[in-house]
Amino acid sequence: MRVLITGAAGGVGSSIISQLRDTGLEVRATCRRPDPQRWPWLQTFPSDLNQPHTMRQALEGVETVFLYSFAQRDSLPRLVEEMKAAGVEKVIVLSTIDTTRHEPFVEYNKQRHLEVENAIAHSGFNAVCLRPGAFARNAIRFWANQIREHRTVGLPFPESQQAPIADEDIAAVAVRAITTSQLDGEKIVLTGPSSLTMRDQVGLISQAIAEPIGITELSEIEARALYGQVLPPEYLDLLMGQWAFETTEKAVVAPAVHDITGHRPISYLDWAIDHRDAFL
1 MRVLITGAAG GVGSSIISQL RDTGLEVRAT CRRPDPQRWP WLQTFPSDLN
51 QPHTMRQALE GVETVFLYSF AQRDSLPRLV EEMKAAGVEK VIVLSTIDTT
101 RHEPFVEYNK QRHLEVENAI AHSGFNAVCL RPGAFARNAI RFWANQIREH
151 RTVGLPFPES QQAPIADEDI AAVAVRAITT SQLDGEKIVL TGPSSLTMRD
201 QVGLISQAIA EPIGITELSE IEARALYGQV LPPEYLDLLM GQWAFETTEK
251 AVVAPAVHDI TGHRPISYLD WAIDHRDAFL
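Numbering (full-length UniProt numbering), first residue to last: 1 to 280.
Rather than coming from a laboratory, the hints here were simulated on the basis of the structure. What you were told as hints is all true, and nothing was included just to trick you.
The list that follows gives simulated cross-link-like pairs (lysine-lysine, DSS-like), each with its CA atoms no further than 30 angstroms apart:
no., residue 1, residue 2
1, Lys250, Lys110
2, Lys187, Lys250
3, Lys110, Lys187
4, Lys110, Lys84
5, Lys84, Lys187
Here are the simulated distance ranges between beta carbons:
no., residue 1, residue 2, range
6, Ser18, Ser181, 14 to 24 angstroms
7, Glu89, Thr152, 47 to 57 angstroms
8, Ile273, Lys84, 39 to 49 angstroms
Predicted model, so just to flag it, every value in this text is computed and none were measured. Glycine residues also receive a C-beta, built at the ideal position from the N, C-alpha and C atoms.
All chains should be built: construct the whole structure from the sequences, respecting the hints.
Okay, here's the thing in structure tokens:
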């Protein structure tokens, strides 16, 4: 079977590629600027999901696609057409837990991902939708520079709770969807093993790097100025609302990673230890 992994340079995509290496499948990979030296054992193609014609060569003869779901609304019909013309049968969509929520602040993210899910499901593909919650690697995006430079993290809502999931666990479920029929037609919420406050998460990173990390509590104005350096406005609005809401209750902890793969999800401390160099 020939498989195409889109968004291959990202954390989930690259982990799927690593986990598929010894399966005997013919794996292809696409991203905007692939590095052919990174995976010399597979074919890589430059492409852009928002320009579906750039996917044509990579899709030739492909039966299953892992779809990094950030194609824009106007591009989706043409992307579906390219996949159908190539004979693709199954599509695994990387979506979000926000598709299951109803709070106003998730609406932008929810609708954006539902558009992709629905475009795939309604086009006759065998669809599997993976709906992860907070990514553990968000800590690198949001906090790594602060920790490296100041050994301090600015937080607007230190008691906000998430259940961060490692890319490798999302990838392990995706690999099961690619290699078996076990998850066909399913929409699966994926989380890490524990609900942790942001204060807890910073503390575990501190433990991983064996150095103290301070926490500075920020006003929303200060937080918007800080996190606006790495987030576009629509996601900044989402996260400010979401983090405030998440101070009111523990995060959802779903059993799917263990149920599907047979192993316990990677703990946040183990993830932090594996990625400690990002914070040093």
